[in-house]
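Undergrad: Spelled out, the chains give:
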Amino acid sequence: MYKDVFAPAAPSPVTQNVNMYKYDQFDDTFIKQRIEQFRSQVTRRLSGHITEDEFKPLRLQNGVYLQLHAYMLRVAIPYGQLNSTQMRTLAHISRKYDKGFGHFTTRQNIQYNWPTLSDIPNILDDLHKVEMHAIQTSGNCIRNTTSDPFAGVAADELVDPRPWCEIIRQWSTLHPEFAFLPRKFKIAVNGADHDRAAIAYHDIGIQIIKNDAGEIGFQLFVGGGQGRTPVIAKEIRAFLEPKYLLSYLDSILRTYNMIGRRDNMYKARIKITVNETGIKEFTRLVELEWNRIKDNGFDLPEAEKQRIFNHFTLPDFEKSEYDKVAYEQLKQDNNGFDYFVKHNVFGHKEDGYSIVSISLKPHGGIPGDISADQMDIVAQLSDDYSLSEIRATHKQNLVLPHVKTGELYQLWQKLTDANLAPANIGLLTDIIACPGLDYCNLANARSITIAQMISERFDDLKRLTDLGDLTLNISGCINACAHHHVANIGILGVDKKGVESYQVTLGGSSFKDASIGNIIGPGFSVEEIVDAIETITNTYIDQREKGENFLTCYRRVGQTPFKEALYNVA
Amino acid sequence: MAIDKKIKPLKTPVSVTANLLLKGLSVYLKTDGSWSDNIADSAIAHNRKQETALLELADITVRSQYVLGAYSFPVEIKDGQAAPISTREVIRASRLPTIVPVGLTEKPEWQNEFTAANANSYKH
Ligand code: SF4
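Chains V and U, in that order, are what the protein sequence lines are.
The first sequence begins at 429 in our numbering and counts up by one.
The second sequence begins at 82 in our numbering and counts up by one.
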């Protein structure tokens, strides 16, 4: 998709005020053609000219699944970045074609649970008007590249990963060699010290680093993943010059495409290929290919790279001054605001600005779900307080990335009115939960109900704050879409002769200190699982030393005290 | 379907379900080969031969692109009608998630909308 052969289009009216990638004539035409192609495929399917077997791979490449009760459409939000116009369109789609709500996913995408097949091309048309699409949100291809939701503005960031994500997006979209990989393929890029993109659990994880000589480059990891065989990615290259990113990615994908298994879908992910080949041999094969193709036109011309980078220039921030004494006073006078600042507000690169996380995990709520009205409110708040920019996070929350610190209180009040201000980011009730058996065709058990029961039991912010940093994720089957393996407390729904049961893992982490949780023992029923979680948190409180968070405590004391408490064994 | 005593019965009786091609909604095969949105209307097979016959009947509408993904699943019989056993099939038969979607205060009555709009089209 090199674009220098096409005349640049006029600046997009949709995105011109936001520092994000803007479609040009090429993108515009390309997306339009894809929609018409899909419209024709849907028409032929409905008129009986093609069978489900023929249609399935086509609909999957356009983000359409058949779920338990209806079709599901997954819309791409490249590396989680949205503007207010796009958010309003997402609200409009949910009202016009769906049931008035949407669900943010762990790939920073949004999905609709009830579209009618014949409406989907029209939905894609509406998305196209605001420079969005659903291409490659499913199927055995390279999926939406994910990143740090604070990208570009995080106080601890080395380099903004978004231009690199965009380069990967354009390279991977309809890449002719990689349209039918052995299995789906996921890439994440992180540019900050803190890993907010879970790169260790991706098929390729990219960490932007600075080497001893002070040069910026990429540390590359390969073969991470979750599902039935969770694996932490292994380093394939300690330092790669940025100009070689695409040729190196090409080499990894080519090697995988050649030797990855197609005989057994459970052994087809690259994590299995790397494991069976050995990281040393896999690296040798990749480097062999890379040495053959690099400097041979596989990488991006500098001018094209620059064109993409130009889209991500940060805005000229207005000076933001505020009365610090009054701000502190507001926190002191208002417990709710104080908790909100403590848990949901993060440091911004620019003085006087803050990053605000909007939790989609209210008391008894459905993790990641948001109503059309709330989408509109978030869009308006982003116009009023965040330069019209929004991010979706892999933890199923939203972010307003550029809020003047002096306006936080006002914003918090408005979020509170819309039930969008739970002050629980990073706490136990900031639960990642997949749709589970309420919607998903592959599910063994419900996830959402369990998340709701836990959030109702652990409702007290003082108690949650005391429990501190604690991740709890719930998957409805071993596909692990909710990343339960890498949560401090993971819950996996299993089917026990037609009845739901929940297996608990402890000790996972998706951050730099990545680890996979261990199964603690036999599963729990729907009626037992919330008590079991409370037993675990009580055990942590009993066992912790001063300042020790859950994971550090668990790593020090091990499984035994938790097992004893859960199963009454001495 | 009448029980044929000479043929080995299934451990559990089964019914056949599929999804409507246009909307994806779950539907249940009736003895006359049409589909209902109510599991209680579904034909029940008590042995392999009956199960195969039902799947073959379902296949006619699968081939004519009206439904897709037909399969049989265990049911229990309550008052002479099929009822789902597994949690999955109980949820599927309700045609709704068990939770109240965000923005609503009580369970939506979406089935009614579908039923009214599609009642006649189920006869194929
Ligand atoms: S983890 Fe399983 S149940 Fe949950 S969304 Fe993924 S496939 Fe569905």
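Check before you lean on any hint, since a few could be wrong.
Listed below are the simulated EDC-like cross-link pairs for lysine to aspartate or glutamate, each with C-alpha atoms no more than 16 Å apart in a straight line [stated by the list, open to error]:
| no. | chain 1 | residue 1 | chain 2 | residue 2 |
| --- | --- | --- | --- | --- |
| 1 | V | K527 | V | E955 |
| 2 | V | K925 | U | D122 |
| 3 | U | K104 | V | E480 |
| 4 | V | K925 | U | E157 |
| 5 | U | K104 | V | D723 |
| 6 | V | K671 | V | D723 |
| 7 | V | K924 | U | D160 |
| 8 | U | K92 | U | D140 |
| 9 | V | K924 | V | E973 |
Honestly, the hints are just simulated from the structure, not real lab data.
Undergrad: Are the Cα atoms of K924 of chain V and E973 of chain V separated by 16 Å or less?
TA: The hint is violated at about 38 Å.
Undergrad: Is it true that the CA of K104 of chain U sits at most 16 Å from the CA of E480 of chain V?
TA: Holds, because 14 Å separates the two Cα atoms, which is no more than 16 Å.
Undergrad: Does the alpha-carbon distance linking K92 of chain U and D140 of chain U stay inside the 16 Å limit?
TA: violated, 24 Å
Undergrad: Check the hint pairing K527 of chain V with E955 of chain V against an upper bound of 16 Å on the C-alpha distance.
TA: With a Cα-Cα distance of about 30 Å, the restraint between K527 of chain V and E955 of chain V is violated, given a limit of 16 Å.
Undergrad: Hinted pair, alpha-carbon criterion (16 Å max): K925 of chain V, E157 of chain U. Please report holds or violated.
TA: Judged against 16 Å, a Cα distance of about 15 Å means the pair holds.
Undergrad: Going straight from one Cα to the other, do K924 of chain V and D160 of chain U come out at no more than 16 Å?
TA: Distance ~27 Å between K924 of chain V and D160 of chain U Cα, so the pair is violated.
Undergrad: Could you grab the alpha-carbon distance between K104 of chain U and D723 of chain V and see if it respects the 16 Å cut-off?
TA: violated, 50 Å
Undergrad: Can the restraint linking K925 of chain V and D122 of chain U be considered satisfied, given a maximum Cα separation of 16 Å?
TA: violated, 25 Å
Undergrad: Going straight from one Cα to the other, do K671 of chain V and D723 of chain V come out at no more than 16 Å?
TA: holds, 10 Å
The structure fails hints 1, 2, 5, 7, 8, 9 (numbered hints given earlier, in ascending order).
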